[in-house]
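A.B. asks: Each chain is listed here by its residues.
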Amino acid sequence: MLFTEFRFAVFFAVVLGVYWTLRSNRPRKLWLLAASYSFYAAWDWRFLSLVLLSTAVDFLVAAAMPTRTPATRRVLLWTSLTVNLGILAVFKYFDFFADSAVAFSNWLGLPVSTTALDLILPLGISFYTFQTLSYTIDVYRDKLAPTDSPVDFALFVCFFPQLVAGPIVRAINFLPQLSAARPWRDVRVRACLTLFLVGFIKKSCLADHAAVAVDAVFSDPDLFGAASKWLAASLYSLQIYCDFSGYSDMAIASAGLLGFRLPENFTFPYLADSMREFWRRWHISLSTWFRDYLYIPLGGNRSGRARTTFNLLAVFFLCGLWHGAAWTFVLWGLFHGAFLVAERFVPIARAPRVLRHVYVVLVVVIGFVIFRSPDIQAAFHFIIGLIGVDGDAARQAATFPEALGKPALNLWWWGVLAGFTSVHVVTSRASLPEIAERVPALLFAPAFGAVVGLVLPWIKTGYQPFIYFQF
Amino acid sequence: MTPRIAAGLVLALAGYTASAGLQRPFVPLSEEYGLRAKFEAFEETAGDYTAVYLGSSLVYRSFRPDVIDPFLSQATGQEFRSFNLGMAGMFTQETDALLDRVLAQQPARLRWIVVQVPAWFSPFAHEQLGDNQRAVFAYAPRQTLALLRHQNWRTMPSLHERLTVAANHVRQAVRRHGSIGLGPQLWQAILGARTETLVSQKREFLVARGYASLDAETDTEFIERRQRFADNSGGRAAYRRKLEDWSQAPTNIHTNVRDSYLYELLDSAKRRAAEHDIELVLVGMPTLERNKLTEWLSTDNSGFTLINLSDPRTAPRLFDAELRFDPHHFNHEGAQVFSEAFAARLAETVKNL
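Chain order of the listed sequences is A and B. Quick note on the numbering used here: the first sequence kicks off at 1 and runs consecutively. Quick note on the numbering used here: the second sequence kicks off at 1001 and runs consecutively.
By construction, these hints were calculated from the structure, which means they are not laboratory data. Errors might be hidden in some of the hints.
[As the list claims (entries may be wrong)] Here are some, though not all, of the chain B residues that point toward chain A, as calculated from beta-carbon distances under 8 Å:
{"hint": "1", "residue": "Ser-1019"}
{"hint": "2", "residue": "Ala-1020"}
{"hint": "3", "residue": "Leu-1186"}
{"hint": "4", "residue": "Ala-1189"}
{"hint": "5", "residue": "Gly-1192"}
[Claimed, not checked] EDC-like, lysine to aspartate or glutamate: derived pairs with alpha carbons at most 20 Å apart:
{"hint": "6", "chain 1": "A", "residue 1": "Lys-460", "chain 2": "B", "residue 2": "Glu-1032"}
{"hint": "7", "chain 1": "B", "residue 1": "Lys-1242", "chain 2": "B", "residue 2": "Glu-1348"}
{"hint": "8", "chain 1": "A", "residue 1": "Lys-29", "chain 2": "A", "residue 2": "Asp-222"}
{"hint": "9", "chain 1": "B", "residue 1": "Lys-1292", "chain 2": "B", "residue 2": "Glu-1275"}
{"hint": "10", "chain 1": "B", "residue 1": "Lys-1242", "chain 2": "B", "residue 2": "Asp-1231"}
{"hint": "11", "chain 1": "A", "residue 1": "Lys-460", "chain 2": "B", "residue 2": "Glu-1031"}
Everything numeric in this text was worked out from a predicted model, so none of it was measured. All residues carry an ideal CB built from backbone N, CA and C; glycine is no exception.
Build the full structure now, drawing on both the sequences and the hints.
C.D. replies: So this is what it looks like as structure tokens:
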């Protein structure tokens, strides 16, 4: 069930209606828990067992920690890490590591074969695994007292607005919100509805349409010249941003309508003027997770340049791997990590701001070529094509695919990119949800309905899953 | 629900309805299967026609205005000019919606709307079209209400099936009202832009007045279909065997036709056409699947004008394998033979009316 589907609107209306009809906190939480499990089971009920396993293990492990000796606490922590990362390793990474090991062994001249598990990747596994781990680690570090309510903890793990693609919520922020029934008057309805609509537009009107052109070029890059490749790479950057930040907006808005506050996940990343700043604006809940649970424990930037370099590359290696079980994701992570390392040695702050923006956009766009490509060879082939030294001129001349081959359509997409950039800049200065919250309700309601009427013709129909669902 | 929330919902709905309603008139017909090109070709010359043909590919590939028009002009002593609005996959609800569009043109000379008798299988067969943009145009509250009123709904085997059909109707109605996903077409229509495909299709439809022979199709799918059927030991042999079994074909009607979704749509179409002094003529098409609705209409005093060409015993030539492109459709020569037969029968009908 996708946020952009009609059936989600029905599902959410029912959940919302019943939730606010219930007066006390416990029935509300039980209702949300049932709704969240139903939401997940609508995709594949069998994988609900993994969510339940992860929930049970972390609840029990954390509950046992406070009264134990440090050594036992460490054992408990390792139990949680082993179970959670073990599930992730089996379902997400087993085939990748097995295939890589076989390829390496063959390269060494030691032929071996293996059997792939070919498991379906459970939806949202990377997200809820990191979420539950953060809880156990926080309890282990005495930053958080374990909750004694299994319902609260289960709801923290599987709260449906953010269950399958984040933002990755910390227990320290979420669990206190479950302590008392939240009054309807505290809900910022207009801001939430506007935020949901913004996310919906990003996903259904921009990302899904951009995907058509992107897929056309990436499926056979040789057919296209350098300009079209730049266009496709830029459009993919737009697509993935609109897809993922659109999901986050809708998740935050849905949670907001239920009275919950989720953390921001994106703050206009393409306006960053360094890669360091980019990662403070892009997928914030993941980057701060890696910062707090990996980078800082590794020593952060406090142990000299060499160690900092290692720490950054290690974090971005794992950040890449978190995104997917493929070497392209690892390379993408290291590519970003390398620029973060370089920024520690090169004083880019002295460069004019415009140049810094251009630098960030270039790094991000080229990085996403690696991210989007099916393998590393294809990624390099595409990147070489960006400078116009590759491509099949004869085939390009013979075939002009509808999606991009015609100059007019190219101009249309360039216009979309320009329009998107303008909106990105304008909305970074004035928050639409905040403006909407100040509009009188009697004016907001018909205006909102009218905008929905203007938006719906522009959605791409059919099943259009979110890109980050695969992670 | 508090009065404040209720008021907000009503106002939001009003805003939505207003903005969707303002856009709706600008949305062109879907370009899928050339529907928009064909209707625009008709629209441009609507005042010229005395008859139009509506139905599925059986109509599209069978009614040749270049054959029918001279015949009927001569037979009736008045200029007869027709347009073939048949379209691949057109189902009854779509025919019904298109009929309204034809009537909305108020074509001055139009006297006959010829509609293929729908196949009497599940009236929900079109549900499989799912997200087909073209199907969206075919859903109207009138049709949904007709569905709910009749035995088709009452006798559906399971609640799940009923809910699926109802949900599909609601979804399609919402899509239709909100022009959902039709933004690019809307924008093109407002700008007056035309794709090359649309322009060339429209030109061809204007020349042939909506008819196109399957023989002229160059897509691999069509070529393979023709080859499969041309194989004497395979396609044609199977066709002849099925034809021999025709008289033993099982009946599909077990219920009261008058209490059916399709009957209400046809009856409503007849009345709407009559309001414009236009006669609705039903045609039983020569198919291998024995159409029991055609047989019912031919025996019952239903008040419909029916030209029944569906019986191989009375119209054997129309079932000649040599005249077929595939088991269901005529080739170009077959379309000529069919058109002559139809024209002769329509001439008789005109005299009797």
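A.B. asks: Take the hints in turn and mark each one as holding or not.
C.D. replies: Here's how the hints hold up against the structure:
Checking Ser-1019/B against chain A by beta carbon gives a least distance of about 3 Å; that is within 8 Å, so the hint holds. Of the supplied interface hints, the one on Ala-1020/B holds, with its beta-carbon coming within about 4 Å of a beta-carbon of chain A, less than 8 Å. Nearest Cβ of chain A to the Cβ of Leu-1186/B: about 5 Å, under the 8 Å cut. The hint holds. For Ala-1189/B, the suggested interface contact is broken, since its CB lies about 11 Å from the closest CB of chain A, more than 8 Å.
Restraint check, Gly-1192/B versus chain A: the minimum CB separation of about 15 Å is more than 8 Å; hint violated. For the suggested pair Lys-460/A and Glu-1032/B, the alpha carbons sit about 16 Å apart, so the restraint of at most 20 Å is met. A threshold of 20 Å between alpha carbons decides the hint, and for Lys-1242/B with Glu-1348/B the separation of about 31 Å lies outside it, so the pair is violated. Distance hint between Lys-29/A and Asp-222/A is unfulfilled; the C-alpha atoms sit about 54 Å from each other, more than 20 Å.
For the hint pairing Lys-1292/B with Glu-1275/B, the CA-to-CA distance comes to about 29 Å; that exceeds 20 Å, so the pair is violated. The hinted pair formed by Lys-1242/B and Asp-1231/B meets the criterion: a straight-line CA distance of about 16 Å does not exceed 20 Å. At most 20 Å may separate the alpha-carbon atoms for a hinted pair to count; Lys-460/A and Glu-1031/B meet this at roughly 16 Å.
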